[in-house]
Each structure stands twice: as structure tokens, then as C-alpha cells.
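Asker: Here are the chains, one letter per residue:
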Amino acid sequence: MKAFAYVNAANQQEALAALSTATRGRRLPLAGGTDLLGLMKDYVAEPDVLVNVKNLPAGIAVPAQGLAVIGAAATLTDVADHAALAKTYPALTDAARGVGTPQIRNVGTVGGNLMQRPRCWYFRNEEFHCLKKGGARCFAVEGENQYHAIFGDGPCHIVHPSSLAPPLIAYNARIKVAGPQGEREIEAGTFFLMPDRNMFGETVLEPTELVTEVVIPTPRNVSAATYEVKFKQSHDWSIVTASVALRMSGGGGGVVESARVVLGAVAPVPWRSLPAEQMLKGKRVDEAVAWQAAEAALADARPMSGNGYKVQVAKTALRRAIMKATGAKVV
Amino acid sequence: MALHDDALNVSRRAFLKTVSASSVAAGVIGVGESEAQTGPAPIGPGEVSVQLSIDGQARTLKVEPRVTLLDAMRERLNLTAQKRVCDRGSCGACTVLVDGKSAYACSILAIQMQGKSIRTVASLAQGTVLHPVQQAFCDHDGLMCGFCTPGFVMSAVALLESNPSPTPAQARAALDGNICRCGTYPRVLEAVLNTKGVRRG
Numbered sequence: 001m002k003a004f005a006y007v008n009a010a011n012q013q014e015a016l017a018a019l020s021t022a023t024r025g026r027r028l029p030l031a032g033g034t035d036l037l038g039l040m041k042d043y044v045a046e047p048d049v050l051v052n053v054k055n056l057p058a059g060i061a062v063p064a065q066g067l068a069v070i071g072a073a074a075t076l077t078d079v080a081d082h083a084a085l086a087k088t089y090p091a092l093t094d095a096a097r098g099v100g101t102p103q104i105r106n107v108g109t110v111g112g113n114l115m116q117r118p119r120c121w122y123f124r125n126e127e128f129h130c131l132k133k134g135g136a137r138c139f140a141v142e143g144e145n146q147y148h149a150i151f152g153d154g155p156c157h158i159v160h161p162s163s164l165a166p167p168l169i170a171y172n173a174r175i176k177v178a179g180p181q182g183e184r185e186i187e188a189g190t191f192f193l194m195p196d197r198n199m200f201g202e203t204v205l206e207p208t209e210l211v212t213e214v215v216i217p218t219p220r221n222v223s224a225a226t227y228e229v230k231f232k233q234s235h236d237w238s239i240v241t242a243s244v245a246l247r248m249s250g251g252g253g254g255v256v257e258s259a260r261v262v263l264g265a266v267a268p269v270p271w272r273s274l275p276a277e278q279m280l281k282g283k284r285v286d287e288a289v290a291w292q293a294a295e296a297a298l299a300d301a302r303p304m305s306g307n308g309y310k311v312q313v314a315k316t317a318l319r320r321a322i323m324k325a326t327g328a329k330v331v
Numbered sequence: 001m002a003l004h005d006d007a008l009n010v011s012r013r014a015f016l017k018t019v020s021a022s023s024v025a026a027g028v029i030g031v032g033e034s035e036a037q038t039g040p041a042p043i044g045p046g047e048v049s050v051q052l053s054i055d056g057q058a059r060t061l062k063v064e065p066r067v068t069l070l071d072a073m074r075e076r077l078n079l080t081a082q083k084r085v086c087d088r089g090s091c092g093a094c095t096v097l098v099d100g101k102s103a104y105a106c107s108i109l110a111i112q113m114q115g116k117s118i119r120t121v122a123s124l125a126q127g128t129v130l131h132p133v134q135q136a137f138c139d140h141d142g143l144m145c146g147f148c149t150p151g152f153v154m155s156a157v158a159l160l161e162s163n164p165s166p167t168p169a170q171a172r173a174a175l176d177g178n179i180c181r182c183g184t185y186p187r188v189l190e191a192v193l194n195t196k197g198v199r200r201g
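Taken in sequence, the protein lines are chains A and B. Residues in the first sequence are numbered consecutively from 1, following the working numbering. Residues in the second sequence are numbered consecutively from 1, following the working numbering.
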């Protein structure tokens with residue numbers, strides 16, 4: 001990798017100060033580094049300065065009343081093993097447990113999981129000067145695209161790789177961001193940007209800003225679940241992640257008052273499916289309803305030459321996530 | 001891109017070298033008022049002094065910030081217990097314990113490991129007496145070519161120090177991050193499940 005200078009920021013203020021002059025790609029925050037160091041070894045990222053942000057907030061608080069707060073520097077192991085978090089937000093802890101390997105989860109952070117770059121093999125290969133690197137074309141269109149997007153219509157066909165983003169959006173979480181102008185909170189659902197809005201990153205985050213915390217509302221009468229499909233059972237990125245949060249009506253009887261349905265690894269951003277949410281609303285969920293929701297979610301899918309199978313996989317993942325949320329035993 | 005602006009890099013490097021000594025000192029005694037606004041000065045990209053604790057021994061070495069923990073150990077300190085195979089956090093041969101938790105030494109920077117306790121497979125045996133995990137790997141034939149073994153052993157130690165009697169499913173999950181090209185997985189699992197006498201870490 002290219003040589004770089006290093007700033008060991010002792011806290012958030014120092015990290016922000018060190019990033020205050022950052023321009024895109026030249027000065028980058030370094031947390032666990034499980035993604036960034038790989039990009040740098042392959043000369044896809046070539047920063048001049050790295051700013052250590054491991055000393056940002058890393059705590060996890062799950063009060064009985066109010067908002068749960070997860071520090072950006074909390075590791076994926078911290079999330080996966082947190083008993084109170086697992087009790088209240090199982091769709092999130094299940095997703096954290098599915099990331100990578102123990103070695104990756106012990107080092108990788110919540111902030112890093114949200115900010116990691118896409119796994120597209122053309123983007124990751126320094127020989128391909130693709131759209132995301134300022135080039136003229138997306139090589140996946142006529143190339144190998146079996147893991148690429150089935151939603152979004154390009155022009156860049158990456159899928160967003162974050163495992164935590166779909167459940168966070170399903171839980172209606174907010175991403176807390178700090179920068180030179182102070183702090184702001186962004187709904188997780190609007191944190192990620194399609195390639196036409198931001199080709200050189202995947203989020204609204206400015207180069208001078210940092211993700212500092214994730215804030216999640218208390219889910220009242222909510223049953224949620226995440227179901228992931230991968231080629232390998234471990235050490236792999238998802239082919240499809242489905243996260244659902246069903247808010248059940250107070251009157252009992254298992255009727256869904258409202259639903260949030262998010263698919264991961266199917267589009268350049270975590271893909272919220274309003275048709276599926278509409279389909280679930282007011283229904284008593286059973287297998288047939290779950291299938292209808294899955295069909296509705298994928299009705300608009302536009303697969304590429306080599307990833308049509310992902311449509312079927314996504315339907316199955318979503319159906320299983322919905323059933324899992326209702327407490328049914330899912331393989 | 002940045003690979004081609006050598007002139008810029010040289011001047012930046014020359015400049016940073018002159019300020020790196022003072023910024024290291026500032027980092028030790030605390031952050032001054034002016035630095036509270038601008039943050040601490042960058043160190044590197046040339047060699048900087050790094051203190052590591054590896055297998056209970058304090059080590060001081062000079063490395064560039066870009067040097068991984070694995071390369072610092074193998075290439076600078078001649079500590080070759082953990083192996084360099086994929087260098088991308090995919091195979092697990094470089095697995096070390098950082099403050100008791102497993103990590104890929106190829107995918108963390110040496111400079112980030114200051115103040116942390118790093119353990120390699122070289123720390124396990126007491127003289128000629130093998131660690132219980134090592135003994136179990138021998139007893140259950142848990143290796144063939146042996147190149148992945150130091151990583152597998154460290155993943156097993158991390159597991160057993162937190163959970164001395166894991167279920168097969170727990171053991172399998174704990175060994176997820178290590179790959180054996182010879183395919184010794186059944187024997188590795190057998191070894192880990194039959195390891196006795198690991199003290200909680």
C-alpha cells in the first residue's frame with residue numbers, strides 16, 4: 001500500500017479536528033481497518049493521512065425506556081454478544097453475528113460496517129477504472145454480475161454490503177454524525193445515497209464528518225427479524241439480507257398495524273420495499289401473506305444477465321424473515 | 001493518481017519527518033491548546049517509533065504507519081510464529097490474540113496495537129510442555145502440512161479461554177475464520193472439543 005501519515009486521535013474532538021481539512025479519499029478515518037486496509041493494499045484507496053477513530057464512543061446502552069445508543073467504535077462482537085440488545089433488537093444482533101468471522105467481528109466496528117465500501121470485484125480491482133473510480137463505464141453491465149444489483153437501474157450496479165443497515169432501517173434508527181458544523185442526526189433510511197446522488201461514496205457523510213453513534217427507538221409491539229442468504233455459511237457477504245419489523249396492532253389477534261421491510265445486497269443502497277410493507281399492513285401474517293409480500297417486494301426487480309437467481313433468493317429470504325418475525329421456526 | 005505525484009509526496013514526507021519527533025512528545029504529555037483546535041499532528045509516513053507488547057515482552061521498533069502487525073512481527077522482529085498467507089483477512093493463518101480476542105494480524109496496523117497485549121502461538125508451550133490445545137492437536141492428528149495450525153490454535157485458545165466446554169456448534173463457529181487447505185477440519189474440531197485444562201483467560 002501507499003505510505004501514509006497517521007494521526008492517533010485520543011477522542012472524537014481530536015479526530016474531527018484532524019479530519020477538518022479532509023478532502024475525499026485523501027484523509028480518511030481508520031477504525032477496525034478490516035475493509036480499508038484491504039482497499040489500500042489493492043491501491044483502490046490511497047489516502048495521504050489516516051486518522052485513528054477507535055477512540056470514539058464504543059459503549060452500548062439499552063435503557064428500559066427510551067432510545068438505545070450504540071457507539072460507532074463498538075465492535076460487531078460487542079453488538080452480537082450484547083444480551084439486552086439481543087432481547088430488544090434481535091434483527092440487529094442476528095445480523096451482527098452473521099458478519100465475516102470472529103476475527104473480523106472482534107475488530108470491525110459499527111461505524112465501519114455502515115461506511116464500508118462495496119464488494120464489487122470491478123471496484124476492488126485496481127485494473128478496472130470503473131464509474132465509481134471516475135471511469136466511464138460500469139464493467140458489471142457486460143461482465144460478471146452474479147452478485148450485483150437487481151434494483152436501481154445503475155448506472156453503477158454495486159450492492160451495498162452493510163449487514164447492519166437493513167435491520168437499522170427496519171427499526172427506524174438514526175445515524176448520529178459529527179462534523180465541523182456540529183452534530184446532526186440522519187434517518188438510517190436516508191443515510192445511504194444511490195450512485196446518481198453520490199458516485200464516489202455510498203452515503204451522505206462528508207469527508208470531514210464522522211459517524212459517532214447509532215440511535216434506535218424502543219420498538220413497541222414490534223416483532224422483527226433478519227434472514228440472510230450466503231453461498232458459504234460463514235465468512236461471506238450476503239447474496240440477500242432481509243430485515244422486517246412488524247408493528248402489531250394493540251388489539252391483539254396478530255394483525256400487523258404497520259411494517260418496515262428492507263432488503264440488503266440487492267441494490268446500491270439498502271432497499272426499502274414499500275409494496276411489501278403495504279401488502280403486510282392490516283393482515284394477519286401466515287405463509288400465504290408472507291409469500292404475497294415477497295412477490296410484491298420483487299415485482300419491480302430488474303436483474304442483470306447473470307443474477308436473475310437473486311430474485312428468487314430474495315423472495316425466499318424475505319418470506320423467511322417475515323415468518324421468523326412472527327415467531328415461526330425457520331430453517 | 002496519488003501514485004504519480006511523487007514530487008508532492010517527497011516534500012510532504014520531508015516536512016513530516018521534521019515535525020514527527022515533536023508531535024510524538026506532544027502526544028505523550030497531552031494535547032496543547034492549539035492542538036485542541038487542529039488535532040494532533042500526523043506522524044509518518046516515514047518510520048516512527050512503536051511500542052508493542054508481544055507474548056509478554058515489550059518491544060520497541062521503528063516502522064512506517066502502513067506496516068501491519070503481521071509484517072512488523074515477521075519482518076522486523078523475526079517473530080515468525082504466525083504465518084503470512086493471504087494477507088487479506090481471508091485465511092486465518094496470521095490469527096493472534098489482541099487483549100484476549102482473536103484478530104487477523106495481517107489486517108491491523110502495528111501502530112494501532114500500542115498499549116495492547118498481543119499473543120502468538122509461540123507463547124503457549126511452557127518449555128517442552130505443550131499447551132493443552134497444542135497437545136490435543138497432536139493427539140487428535142489435527143494438522144497435515146501445518147501452515148494453518150498456528151492460526152487455528154490461537155482461535156481455539158480464544159474460544160476455550162472464554163468457554164472451556166464448547167458445544168460442537170460453538171466450536172465450529174469459533175473456528176469459522178480459519179481455513180485449512182489440507183482439509184483437516186474434522187480432526188481440528190475433534191482436537192478442540194477434547195482439549196482439557198484450559199484456564200479461563
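Note that these hints are calculated values from the structure, not bench results. Any given hint might turn out to be false.
Rough simulated footprint, nothing fancy, chain B against chain A, three-plus residues with beta-carbon under 8 Å [claimed, not checked]:
| # | region |
| --- | --- |
| 1 | 5–18 |
| 2 | 104–113 |
| 3 | 121–129 |
| 4 | 293–300 |
Heads up, incomplete: computed chain B residues facing chain A, CB under 7 Å, no partners named [claimed, not checked]:
| # | residue |
| --- | --- |
| 5 | GLY56 |
| 6 | ALA58 |
| 7 | ARG59 |
| 8 | LEU61 |
| 9 | ARG84 |
| 10 | ARG88 |
| 11 | THR95 |
| 12 | GLY100 |
| 13 | MET144 |
| 14 | GLY146 |
| 15 | SER162 |
Positions of the beta carbon are idealized from the N, C-alpha and C atoms, including for glycine.
Asker: Now, for every hint given, state plainly whether the structure supports it.
Answerer: Here is what the structure says about each hint:
no.: 1; hint: 5–18; in the structure: holds (count 12)
no.: 2; hint: 104–113; in the structure: holds (count 3)
no.: 3; hint: 121–129; in the structure: violated (count 0)
no.: 4; hint: 293–300; in the structure: violated (count 0)
no.: 5; hint: GLY56; in the structure: violated (21 Å)
no.: 6; hint: ALA58; in the structure: violated (19 Å)
no.: 7; hint: ARG59; in the structure: violated (18 Å)
no.: 8; hint: LEU61; in the structure: violated (15 Å)
no.: 9; hint: ARG84; in the structure: violated (12 Å)
no.: 10; hint: ARG88; in the structure: holds (6 Å)
no.: 11; hint: THR95; in the structure: holds (6 Å)
no.: 12; hint: GLY100; in the structure: violated (10 Å)
no.: 13; hint: MET144; in the structure: violated (21 Å)
no.: 14; hint: GLY146; in the structure: violated (20 Å)
no.: 15; hint: SER162; in the structure: violated (10 Å)
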